[in-house]
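Colleague: The lines below spell out each chain.
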Amino acid sequence: MTLVPLIDAKSITMRFGGVTAVRNVNFTLAESELRCLIGPNGAGKSTFFKILTGQLHPTEGRVAFRGTDTTRAEPHEIARLGVGIKTQVPNVFDGLTVFDNVLVAAQRKRTGPTARKIVEEVLERVRLTGIASRLVGQLAHGQRQWVEIATVLSQEPDLILLDEPAAGMNNEEVRRTAELIKEINKTQAVIVVEHDMAFIRMIAKTVTVFAQGAVLVEGNVDAVLSDQRVRDVYLGRTAA
Amino acid sequence: MEISGLIAFNIVTGIATLVLITIGLAVIYGMMRIINLAHGEFMMLGAYTAATAVEHGVNIWIALLILPPIVVALIGLVLERCVIRFLYGRMIDTMLATWGISLGLVGLITSIFGNVIHSVPTPVGGFNIGGYGASGYSLVLVAASVIALGGLYLLMRRTDFGLILRATMQNPRMAASLGIHPPTVFMSTFALGAGLAGFAGGLLSPISGVSPSMGAAYVARAFITVLGGGPAVIMGTGLASGLFGLINEIVSFLSTPVLGEVALLVAAIVLIRNLPNGITGRFFRSSL
Amino acid sequence: MTLPISPRLISFLVVTALGLAALLIMPMFLDSFSLLQATLFVAVAILALSQAFLWGYAGILSFGQAAFFGIGGYTYAVGVINFGDSTGAIALSMVIPAAVAALLGYFMFYGRISDAYVGVITLTVTTILYELSNSTSGDQYRIGSAQLGGFNGMPGLAPFNLPGQPDQWLDEKGTWYVAMGALLLIYILLRGLLSTWFGRVVVAIRENETRAMLVGYDVRFYKLVAFSISGGIAGLGGCIYAAWGGFVNPSVFALSMSAQAIVSVLVGGIGTLVGAIAGAVIIQALINLSGTQSIIDPSLGIGIILVVFVILVPQGLLPSISALVSKLKPKPAPQRLGHETQEVKP
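Chains as they are written, first to last, in this note's numbering: chain A, 1 to 240; chain B, 1 to 288; chain C, 1 to 346.
Excised from the complex, chain A in its bound form:
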């Protein structure tokens, strides 16, 4: 049993002017765990996600990655600690080829031929080898998401944060993405923020439900999804 959790977030609160987007959230993640963050729109999932990535700094509270305090860290520092990040809107290098997209990421840790080899392996893994020399800006939405996942994978992170990885994909692509995530989770911890319930059911084991900026309930996916409070929150029966 590892004593230091992979992620340990305590009392996280995020205020924007008069709006409290995240209130007093406690969150831990173990090594190699797969966790899904779900909840209705505006529940604070994406804000909490951005706090984990360093894109936002919490108004209150503390975040640690394997014991290292990352509360005020810059995103590039958190990335260097071994965290891979895939954002809600795909952030890829549109003007570069698929290969170069992944190469830029891989070469941060490896040099020359080793980096290129890693790129080839990762492209095989996400099955993008065939379009390696296409410009990413010309790809379909689903393919761009996979390119982004590929850039994340090429740095061999210990934790991968995915914000809506199945957004805008058709059923076949969703299925493939779920397979990919399960395969990744064999060696790496993953946090997935998602709306798509079908997708959640494909991959989830433990689920954290956000509502109105706080954690409503957390636990095994089947138990959580049959919890009446969760259904109320999704169907809008609970007052905002």
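Among the hints, erroneous ones may be present.
Derived, one-sided and incomplete: chain B residues facing chain C with beta-carbon distance under 7 angstroms [claimed, not checked]: (1) 7; (2) 11; (3) 273.
Only pairs whose alpha carbons sit at most 20 angstroms apart, straight line, appear in this in silico EDC-like list of lysine to aspartate or glutamate [claimed, not checked]: (4) A:109 x A:60; (5) A:182 x A:158; (6) A:109 x C:218; (7) A:109 x C:171; (8) A:205 x A:222; (9) A:182 x A:156.
Hints listed in this document are in silico derivations from the structure and should not be mistaken for laboratory results. Yeah, the Cβ is synthetic: ideal placement off N, Cα and C, and Gly gets one too.
Given the structure of chain A, go ahead and fit chains B and C onto it with the hints provided.
Modeller: Relative to chain A, chains B and C alone:
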């Protein structure tokens, strides 16, 4: 005692001048997010309007106060229709295009009037603060800056036109679905900003010499004050002009006018560095 | 299997060959006066290159490359007067602007200022330098034995001399070799830099700063380095400009100098290096031409060109020409890539 009165007077004048220089640019940037690098040249056109009118015997007050904003507003209208409207949303491209316009206007005026300095007489004499002479025209500038800010406030807050303006700037498509024609609003706003710049140029013409390249001296100062002021057009311009004008005058008094200018620019850079969205990006956010 | 030689490598070799040819052949065809005029073209071309690298590749639009151009010019002037030898002055005219750029860059990029603000701040800094240099008339304004001279500037500067031999001044031919050689060298070094991992990161940052950051790159640092390199290059341009004219004055800090660099890159095509050189030559030629006629004012002419290009040809000449050419060429048969059979159909 007298000297502090003189300093205070100079500070107020300096702030008023900065308000006048900035307000036209603030309208165009604040409402349309367009970086108009031809702003200085709009002022120059206002100055030339005043100078030409005076040379043709027009009453000095009409030449200084009435004609420049009208003429330059019309020119702004034409430029918006011919150039600017193709570039909405492309911030860098509008910067470049307005720079081209600025170069073009300098060239055009040089071709017409030659590269000489015209002068415009000051219509108001001096008066005394204690034992020191002060320019009565400064009072005109102070009054004009107050009228400009106040008038703009009334326009924005109290008139239908102002409401339409504000609504369209916030959400053009929504405004369109309400029956407002956004292109007309953009055109009017640009003309308003140009007119305000012309107003400033005309007013300042007795003080600065009137030459084709006089605009260059104003662009940097106006820009940096707009950015320092932040998104609220009137409040931002007022606050930033107040702060930077104060710094400018104090440093000028303690050393040289050039260093005063430099101090203004440096102070503004430092402020923007710390408040990237300007003063009203952090404080007084819901003001106009 | 991709081609062994990429189109980029081919164009690089072609441009380098042409540059080398120009370096060696021009003195055979041009008289001293024309060669001297050509050196001016080289100076503004180097300035344009600095802008092209920073804007087209690093994605940073600076409105104040004139600041570093001017600092380079003034540094050369002060250096050559104080040292009596141009060698150290030339070196300093790159180092000092680069250092100033690093300082300003640190202030801007580590302050997370957005792209448009970079434009305005660089414009403001240039204005500050212009006003400051204009106010340095008077004996007390001197660096060492070099008087700054206010709006008159510093006339009577010694031309380049052979390294180590201060009295062996270079004539027009020698100056041309130095200047054109510098341009060629900078072109080669920039191309080389852009093909390394560093260049790839800089371009990636331009493409998507967020992604570059999330991948672990400190984008502030890379922007700072790119800005600094660009400042040093502009400074060298200013040094050559000062040696070309034998004088330097506050006009090197004029906004029109920055404008010239930007227009040159725009005309030649953002995203190319050779385009900037071509654009600089075209614009300077237009300036020279319009100065000799009285039909149209130079500023008016350039202004119109700028507006027309922004509206009609935003990508610039070179990309537009190459796009036009590729439309006219018959399309080649689709290439068979080895991995294609593995491609998953969407």
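Colleague: Taking the hints in turn, state whether each one holds.
Modeller: Evaluated hints:
no.	hint	verdict
1	7	violated (22 angstroms)
2	11	violated (21 angstroms)
3	273	holds (4 angstroms)
4	A:109 x A:60	violated (33 angstroms)
5	A:182 x A:158	holds (15 angstroms)
6	A:109 x C:218	holds (14 angstroms)
7	A:109 x C:171	violated (51 angstroms)
8	A:205 x A:222	holds (8 angstroms)
9	A:182 x A:156	holds (16 angstroms)
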